[in-house]
Amino acid sequence: MTDRAAQFFRKAELQALIDELRRRDYNVVGPSIDQEAIVYTELTSVEQLPRGWTDEQAPGSYRLVRRDDDAWFGYVVGPHSWKKYLFPPRTKLLTVQKTEQGWSFLPAVLENTKTAMLGVRACELAAIAVQDRVFLGGPYKDRDYESRRKSLFLIAVNCTQAASTCFCTSMNTGPRCKSGFDLALTEIESGFLCEIGSDAGWDVLSACELQTATAEDLNEAESQRQRAVEMIERQMRTDDLPQLLLDNLNHPNWKAVGERCLSCTNCTMVCPTCFCSSVSEVRDLTTDQIDRERTWDSCFNPEFSYLGGTPVRNDTSARYRQWLTHKLGSWHEQFGTSGCVGCGRCITWCPVGIDLTAEVAAMREAPAP
Amino acid sequence: MTWIPPALAVNPWLTHTARIADIVSECDGIATYRLCLDTSDNASAYVFEPGQFNMLYVPGVGESAISMSGDAHEPDGWIHTVRVAGNVTRSLAQLECGQTLGVRGPFGTGWPIPQLVGKNVVVVAGGLGLAPLRPLVYHLVRHRSQFQNVSLIVGARTAAGLLYPTEYANWTQAGIDVQLTVDRATAGWNGNIGVVTALLDRLKLNQIERASVVTCGPEVMMKYVGMSAMQRGIPAEQIWVSMERNMQCAAGLCGHCQLGPAFICKDGPVLRYDRLQPYLFVESL
Ligand SMILES: Cc1cc2nc3c(=O)[nH]c(=O)nc-3n(C[C@H](O)[C@H](O)[C@H](O)COP(=O)(O)OP(=O)(O)OC[C@H]3O[C@@H](n4cnc5c(N)ncnc54)[C@H](O)[C@@H]3O)c2cc1C
Ligand code: SF4
Ligand code: SF4
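Sequences listed follow chains H and B, in order. Residues 509 to 877 (our numbering) are what the first sequence spells out, left to right. Residues 195 to 479 (our numbering) are what the second sequence spells out, left to right.
No lab work stands behind these hints, which were simulated from the structure alone. Don't take each hint at face value.
[Said to hold, decoys possible] Dumping the calculated EDC-like pairs for lysine to aspartate or glutamate here, alpha-carbon to alpha-carbon at most 20 Å:
| id | chain 1 | residue 1 | chain 2 | residue 2 |
| --- | --- | --- | --- | --- |
| 1 | H | 519 | H | 730 |
| 2 | H | 519 | H | 577 |
| 3 | H | 606 | B | 232 |
| 4 | H | 622 | H | 608 |
| 5 | H | 622 | H | 730 |
| 6 | B | 313 | B | 232 |
| 7 | H | 763 | B | 477 |
| 8 | B | 313 | B | 477 |
| 9 | H | 606 | B | 290 |
[What the hints assert, rightly or not] Computed footprint of chain B on chain H, listed as stretches where at least three residues anywhere in the stretch have a Cβ under 8 Å from a Cβ of chain B:
| id | stretch |
| --- | --- |
| 10 | 645-657 |
| 11 | 748-761 |
Model, not experiment: these values are computed from the prediction. Don't be surprised by glycine CBs; every beta carbon is placed ideally from N, CA and C.
When you get a sec, could you build the whole thing from the sequences and use the hints?
As structure tokens, this is what we get:
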């Protein structure tokens, strides 16, 4: 499988790939511009791709600007992550019906969704691997996630640039897509270099007119990928990480960051690995039927930790501490990996520009007495 | 590692219809229910380890984690002692015999019975904390000879809050040293007054190193029980507490119940004290 040589196809062939996946009943999803951001949405045509646009990101800021070329994947990552397809914001868990004998409970019927993701970055492949551990690696499986994950087709696209908020090299997750994909593309001026990661990937590729990659194509692709590596500025030291945070649960910096944080939940919503949820009752008033639904929740919501009348984490600093110590600390013990893949979304989309890499550094510089 | 029913492992949301068979009123706002599954009159449907809990579901209102409080050796239904605390438990309290609700479980870790064998066992219960400990007490009674001295310290705010009072005589007769205490004496009470730790501090314990403590009650109480026990020389590795946190899924998937690295629902609720110690005393963690 892995010994298949990289292939080359011209840009227009990507449409054939989308068509083929759709013919095979995949819902193809990928990047497109909506409300001044590059988001993930259903794709039927390459015309929907953010051609000629890029994203400029900094703590607390994101903006789209025109590129001076026509690159199709010339951006980094936006406010959406692929988790919305594998772990949807709303999921039905159970249907409850009133019968003459009392309540009866029917497990939710799993939707038969085949999703093909186009444009998955290396950090996002890593995030999917993290969520695999969360939802499938423990003693209890999330069957909804499992069924969506089983029929997933992944077309990765290597980054050819990085944002100021990216730190995948620190988290050892990118920028190069190394595994976990069906196909991995690198965009060059004349088309795409395509690595094949699975039999399914190879099979679907039969719809495209392939050419053998020339040495020149390969060189150009390599230098494009190298460009992303060289653009990464942000770093986070991780060697002391779970322990540094767990040793500093009473560090004064939690209070300081808690004073800036708005507890708005943005960071947790945009994070591709955050998985917290709550369950609610959805009543159909006409039929006596009740659905139990799971929706995304956030450890920044005060009600999240309600216990006997008051939240356990009653102030913002306690909630920020929970988020960060979980993400970078206890996640290791729970799932054998960091909960952070270094995508930088939480930095970009924080309205006050709180930067987790800076918070960790602050704690390391001045450990609590 | 606790055994997990295979059907729950693949779908922790699997909910069964249970019918209320009996309701016994315990004291103000607390009642014990026997729930029978509609689909089964088979005893094997009610297998659990003392310390485990079910999620009880009142449709349209919500779910609550409620411990098993019955005898694991007499599986004739799910026995739960419930206190009215909020919406779910209030709605549950309005149900009558014959009405139905949803049950999924059992979830969580049980009391460490194998590790207690051959030890002096000290059980400390505060208020409703006796409910999840009662299945353990039943086990200790039934297998009394496997254990050294067994003490049960029960505390409550007032005498009326002492749970299952009619059973204490049986337990004493079976060779358990039952000691009661209340925070506040009411008319007719002439027993101990004070916190459970005062009794723990005075408890005669030969061979401290062979003692184990298991406790359930309000979190502050359990912290003090842990500290008192350690002060008396009982190592943290021989102390177990049963924790409470907000729980939605009971399967480690919703994120609500975390305390440090522990998911209280699946790594707990019964956790060894040394594992909790770094986190238990951190405020608002
Ligand atoms: C492992 C475990 C075992 C347990 N075993 C038992 C047991 O055996 N018996 C038992 O009785 N209990 C037990 N509990 C506790 C029980 O789960 C809770 O008391 C119960 O879930 C409360 O649910 P409720 O809907 O009735 O109350 P909730 O509605 O959750 O209310 C609880 C309290 O919080 C307040 N509250 C809730 N939401 C809000 C809000 N949004 N704003 C303001 N206030 C709010 C309510 O007013 C109330 O005082 C156990 C808990 C755990 C984790
Ligand atoms: S914590 Fe921030 S940088 Fe890390 S994966 Fe989540 S959103 Fe990306
Ligand atoms: S850290 Fe930023 S994004 Fe996250 S809750 Fe606080 S203010 Fe919102």
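For each hint, the structure was consulted:
no., hint, verdict
1, 519/H with 730/H, "holds (18 Å)"
2, 519/H with 577/H, "holds (14 Å)"
3, 606/H with 232/B, "holds (14 Å)"
4, 622/H with 608/H, "violated (38 Å)"
5, 622/H with 730/H, "violated (32 Å)"
6, 313/B with 232/B, "violated (40 Å)"
7, 763/H with 477/B, "holds (13 Å)"
8, 313/B with 477/B, "violated (33 Å)"
9, 606/H with 290/B, "holds (16 Å)"
10, 645-657, "holds (count 6)"
11, 748-761, "holds (count 3)"
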